[in-house]
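First residue of the sequence shown: -7, per the numbering used here; consecutive thereafter.
Warning: the hint list may mix true and false statements.
Pairs of lysine-lysine, BS3-like flavour, derived with a Cα cap of 25 Å [unchecked claim]:
(1) K269 - K64
(2) K64 - K4
(3) K22 - K238
(4) K4 - K22
(5) K64 - K238
(6) K269 - K238
(7) K4 - K269
(8) K4 - K238
(9) K185 - K269
(10) K64 - K19
(11) K4 - K19
Treat the hints as calculated values from the structure; they're not laboratory data. The model shown is predicted, which means the values in this text are computed figures rather than measured ones.
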Amino acid sequence: MANVYLFSADTKPMTGGVAEFTHQIAKALKDLDWFGALVTPHVQSDELPYPVWAPAPPSALTRTDESEMRSKVRALWMWGALVQSGMRIALRGARGASPVLLMTYVDELFGPWVLRFCEAMGIRLWVLFHGVEIIRLQERRPDLLRQAHAQAERLFFNSEATRELFVERTGLPPSSSDILHPALDFERLNATKPAPLPVDIPTDATVFSSVCRLVERKGLHLAVRAFREARAEGELENAVYLIGGKGPELDRLRALAGPEEERSIFFLGYLSEGEKKTLLSRSTAFLHPNYSREETDFEGFGISLVEAAWFGCGVLGGNQGGVQEAIGPLPGCELAATEDADRAVPQIRQFIEAHAGVAGTPHERSQVQRLIRERLRLQIQLHAFLPPQ
């Protein structure tokens, strides 16, 4: 019985944590025979293993000779397609199916309309929060958070830290709420074929790595500083630091990394899944010293840290947000106090120096993978929240 539908403005083909989490939830619901469809404003570039209701404008609205009028007509067409999808869900409710719409990301553009539509049509609503959007909405649209809290039959948070953030920022009790941790896609990890990296790594080099969207809250500027200090002191003679990803911090990080001729810090740009698997499998340690930017940003969970641990890396994260829940129970993972840069850099440097030339054993990697499987299997989590068929 298809009973749960998803809506999100952050879905495939977009990249990043929210899009990937939405994708995981859709696949898990489909495997449990509970999935209706994913409703999204994004035209899909690839076929997905579950139903997707996404606007696919006629070719006349997607020509390369863009005009303001065509752009407006295409936007109206998109909104019409989304309303049509909503009506399909509402009709199934009228026939006694009692559908649920799970909004996996609340934003300022689509959020108000989805909430109003569900209220008007009597569609049961669940809402998933990730952390940073709580901060943004409380600053710009606090009414939207209050409405979601009042209207949603159930609230989900990607970590206990995110739920605490919601209470702290809104003052609202998290009644009828549950924790739904992101999970690794174990089948994809195992099936992905490694691909060559865009740089050559000496076979005897110690590799430190980071893979994420290059935004300030990831704390990579702290990691770059710590790595360079350790190199300057002669502690990392045969080590390289490889950074994968794109984002607004790239220019700042390049400047901090120093002259390219030193050839110790490499920026790899966007990495495919195969390239990322190669990098993490080759890395001794993974650096992700996230921080809150004076409580203006938030790392709700940190699935990339768990993924690095899965591949056998020692992992350093910041002791902020949901990262402690993500890697705290895993051996070989450490948390640094990252809010004060002058204190954080020596901690990160100590971690780097301790891992220079040290690799985890196959037994340690197997132990970590067993713990991750037990904790982060999304289907098991969803079973607890879905009523019996």
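Worksheet item: Within 25 Å, alpha carbon to alpha carbon, are K185 and K269?
Response: holds, 8 Å
Discussion item. Checking one constraint from the list: CA of K269 to CA of K238, max 25 Å. Satisfied?
Written reply: holds, 17 Å
Discussion item. Check whether the Cα positions of K64 and K19 lie no farther apart than 25 Å.
Written reply: violated, 33 Å
Worksheet item: Taking only the CA atoms, is the gap from K4 to K269 under or equal to 25 Å?
Response: OK: K4 and K269 at ~20 Å, within 25 Å.
Fill in: Pair hint K64 and K4, alpha-carbon separation not exceeding 25 Å
holds, 23 Å
Discussion item. Need the status of pair K4, K238: alpha-carbon distance at most 25 Å?
Written reply: Holds, at roughly 17 Å.
Item to complete: Verify the proposed pairing of K4 with K19, using a straight-line Cα cut of 25 Å.
Response: Holds, because 13 Å separates the two Cα atoms, which is no more than 25 Å.
Discussion item. Need the status of pair K64, K238: alpha-carbon distance at most 25 Å?
Written reply: violated, 30 Å
Practice prompt. Please work out if K22 and K238 have their alpha carbons no farther apart than 25 Å.
Written response: Roughly 32 Å separates the two Cα atoms, so the pair is violated.
Worksheet item: Given the proposed pairing of K269 with K64, does the C-alpha separation stay at or below 25 Å?
Response: violated, 41 Å
Practice prompt. Compare the distance between the alpha carbons of K4 and K22 with 25 Å, and conclude whether the hinted pair is satisfied.
Written response: holds, 16 Å
Consistency note: the structure conflicts with the earlier hints numbered 1, 3, 5, 10.
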